[in-house]
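Chains A and B are the protein sequences, given in the same order.
Quick note: the first sequence uses numbering that gives the first Met the number 0, first residue 0, plus one each step.
Quick note: the second sequence uses numbering that gives the first Met the number 0, first residue 0, plus one each step.
Calculated directly from the structure, the hints in this document are not laboratory data.
Some hints could be false.
[As the list claims (entries may be wrong)] With a Cα cut of at most 30 Å, we get these calculated DSS-like pairs of lysine-lysine: (1) B:LYS215 / A:LYS138; (2) B:LYS104 / B:LYS198; (3) A:LYS138 / B:LYS198.
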Amino acid sequence: MDILIVLESNNGSLHRMSKEAIVGAQSFAKEQNLSIGALAMGKDADALAQEASGFALDEILLAKHDLLSTYSADGFSEAVSQVVQAEKPKFVMIGHSYQTRDYFPKVSAKLNAPFLPDLNAFVWQEGSPIFIKTVYNGKLSAELVSSHSECTLLSFQAAAFSEENITIGSASIREIEIQLDTSQIRSSAEAPFQEEAGGLDLSSAGLIVSVGRGIEKEDNIAMAKDLAQALSGEIAASRPVVDAGWLPVSHQVGSSGQSVSPNLYLALGISGAIQHVVGMKGSKNIIAINKDADAPIFEIADYGVVGNVLEIVPKLTEAING
Amino acid sequence: MKIGVLIKQVPGAESALPLNDAKTGIQEGQASFLMNESDSYALEEAQQLIEKNGDGEVVAISLGPDRVQKIIREALARGANRGMHLQTESNGITDPLTLAKQFAKVLENESFDLIFSGLQSDDAGMGQTGIILGQLLNMSTASLVVGTELLEGSLKVKRELEAGWSQWLTLTLPASVSIQSGLNQPRYPSLKGIMGAKKKELKVIPESEFLLSEEKQSVQKIFIPESDKQTEMIEGEPDAIVSRLMDVLKNEVKVL
Numbered sequence: 000m001d002i003l004i005v006l007e008s009n010n011g012s013l014h015r016m017s018k019e020a021i022v023g024a025q026s027f028a029k030e031q032n033l034s035i036g037a038l039a040m041g042k043d044a045d046a047l048a049q050e051a052s053g054f055a056l057d058e059i060l061l062a063k064h065d066l067l068s069t070y071s072a073d074g075f076s077e078a079v080s081q082v083v084q085a086e087k088p089k090f091v092m093i094g095h096s097y098q099t100r101d102y103f104p105k106v107s108a109k110l111n112a113p114f115l116p117d118l119n120a121f122v123w124q125e126g127s128p129i130f131i132k133t134v135y136n137g138k139l140s141a142e143l144v145s146s147h148s149e150c151t152l153l154s155f156q157a158a159a160f161s162e163e164n165i166t167i168g169s170a171s172i173r174e175i176e177i178q179l180d181t182s183q184i185r186s187s188a189e190a191p192f193q194e195e196a197g198g199l200d201l202s203s204a205g206l207i208v209s210v211g212r213g214i215e216k217e218d219n220i221a222m223a224k225d226l227a228q229a230l231s232g233e234i235a236a237s238r239p240v241v242d243a244g245w246l247p248v249s250h251q252v253g254s255s256g257q258s259v260s261p262n263l264y265l266a267l268g269i270s271g272a273i274q275h276v277v278g279m280k281g282s283k284n285i286i287a288i289n290k291d292a293d294a295p296i297f298e299i300a301d302y303g304v305v306g307n308v309l310e311i312v313p314k315l316t317e318a319i320n321g
Numbered sequence: 000m001k002i003g004v005l006i007k008q009v010p011g012a013e014s015a016l017p018l019n020d021a022k023t024g025i026q027e028g029q030a031s032f033l034m035n036e037s038d039s040y041a042l043e044e045a046q047q048l049i050e051k052n053g054d055g056e057v058v059a060i061s062l063g064p065d066r067v068q069k070i071i072r073e074a075l076a077r078g079a080n081r082g083m084h085l086q087t088e089s090n091g092i093t094d095p096l097t098l099a100k101q102f103a104k105v106l107e108n109e110s111f112d113l114i115f116s117g118l119q120s121d122d123a124g125m126g127q128t129g130i131i132l133g134q135l136l137n138m139s140t141a142s143l144v145v146g147t148e149l150l151e152g153s154l155k156v157k158r159e160l161e162a163g164w165s166q167w168l169t170l171t172l173p174a175s176v177s178i179q180s181g182l183n184q185p186r187y188p189s190l191k192g193i194m195g196a197k198k199k200e201l202k203v204i205p206e207s208e209f210l211l212s213e214e215k216q217s218v219q220k221i222f223i224p225e226s227d228k229q230t231e232m233i234e235g236e237p238d239a240i241v242s243r244l245m246d247v248l249k250n251e252v253k254v255l
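The following block holds chain A by itself, in its conformation from the complex (with noise of 0.2 Å):
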């Protein structure tokens, strides 16, 4: 095979991130006509794999093993790098996910091949892949080569496809033996926990209005609150208003929070650092209020407007309740 996608499971199925990487590996692929695999493997492998299956892929891997079922970087980074030795793809692609950024680092050291992450696009030019990454923060972007020849791993930004554009098909699923044993684990993990109770799952949310740090203080959380419910929507934050402490950890969207695609996207006083633009760019519609017309935000918006967040807020509530 020519491409092999890692697949990542969450809560049993395919990961939202998994699902881009498919869609741009699909995309890769077209253009040079390469063939394409998937792997499974954890405790999810079995479903991740038949999830995976009714996708356009040529073929799934499903890697089992008592020393996978629990995610760790050492048997992880072993396990795809055994896959990748025996079927030697040119190219390994995985959702930059934060699983990826624990292990995939160690699957370049143990194959010594070039870990290219958080990519945002390709372009192939004269038959080589040329590789865009952002750079500085957002501020600037990169064309990024491997000059490696024998394999090179390559992980997507979140939202970098879209995975409504997944080309679905069949494929049939290949059982593979991985080697490893206890000694080659050194680390032991106890079961994942939420810092506060009360979750709440903005992925599914269809309007988001979110604060960020233009909102200024505690006591303007309440206008946005109000202007959500007029809206029938969730109210959201970017990371400094939740580490401020002005709504909890579950409303925060971005790298560190959740990945949003409503359908509507009500950025109230968000600059737009990449960490906070990873989660929500897949919404359909953006709507930028900010006071700083240099902001970021305004680059990926649909509408944008340069004013002040605690002027236009009230007023748009009012419009709105009539």
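Model the placement of chain B on the given structure of chain A, informed by the hints.
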């Protein structure tokens, strides 16, 4: 307990970032450099770990041209015990695998119990060097660390997962962990610290001792991203803005 902390000097958040003529990077002379944000947290976490556990030393390590000595001195002033400067002629290399091999070559004889690094640099943002280095030196590793606790022969770390979840895990020593910003309050150097820093060791390791020319990935070009979205800018008095927004909500986004 011996902790090595990898620190990188990067353009600060407020720095100008003019492109160089070849469009392969920024014009260094125009940028204002600082210690990378998450590295600053990593340094603080290392210092606190040593302070809580009595004996040990924190070694601040940076690779780059002579300008990076500024942040090594800053680390010494904040309380790091000694510094190491892996001195390069230019700052061209961005391949984390090559960088990690260079660090490994110099650091393997240091026998660190722990290596701390920031989650990612605010310039290239590759987010790999500390983890690759750990793997090359046969250490256990963890990324996105938001808490540390030293146990007998192991390190317990809290890892940030996605969507507000976290997890504790125990790593065998030696370990290399990369630290997420925000887990502590980095201290400022005291006047005493600044004076004392001058007497601390800052070892300069010439490039000939770790030179590796092979790069498996490289930056071909840097450019200012263009927005592919057509953004309609709504301007005017608040009432006019609200009236246009109402029109958008009703007739274009159709949520009213």
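Structure-based check of each hint:
Distance hint between LYS215 (chain B) and LYS138 (chain A) is fulfilled; the C-alpha atoms sit about 25 Å from each other, no more than 30 Å. Restraint check: the Cα-Cα separation between LYS104 (chain B) and LYS198 (chain B) comes to about 27 Å, which is no more than 30 Å; the hinted pair holds. With a CA separation close to 39 Å, the supplied pair LYS138 (chain A) and LYS198 (chain B) exceeds the 30 Å bound.
In summary, the one numbered hint that this structure violates is 3.
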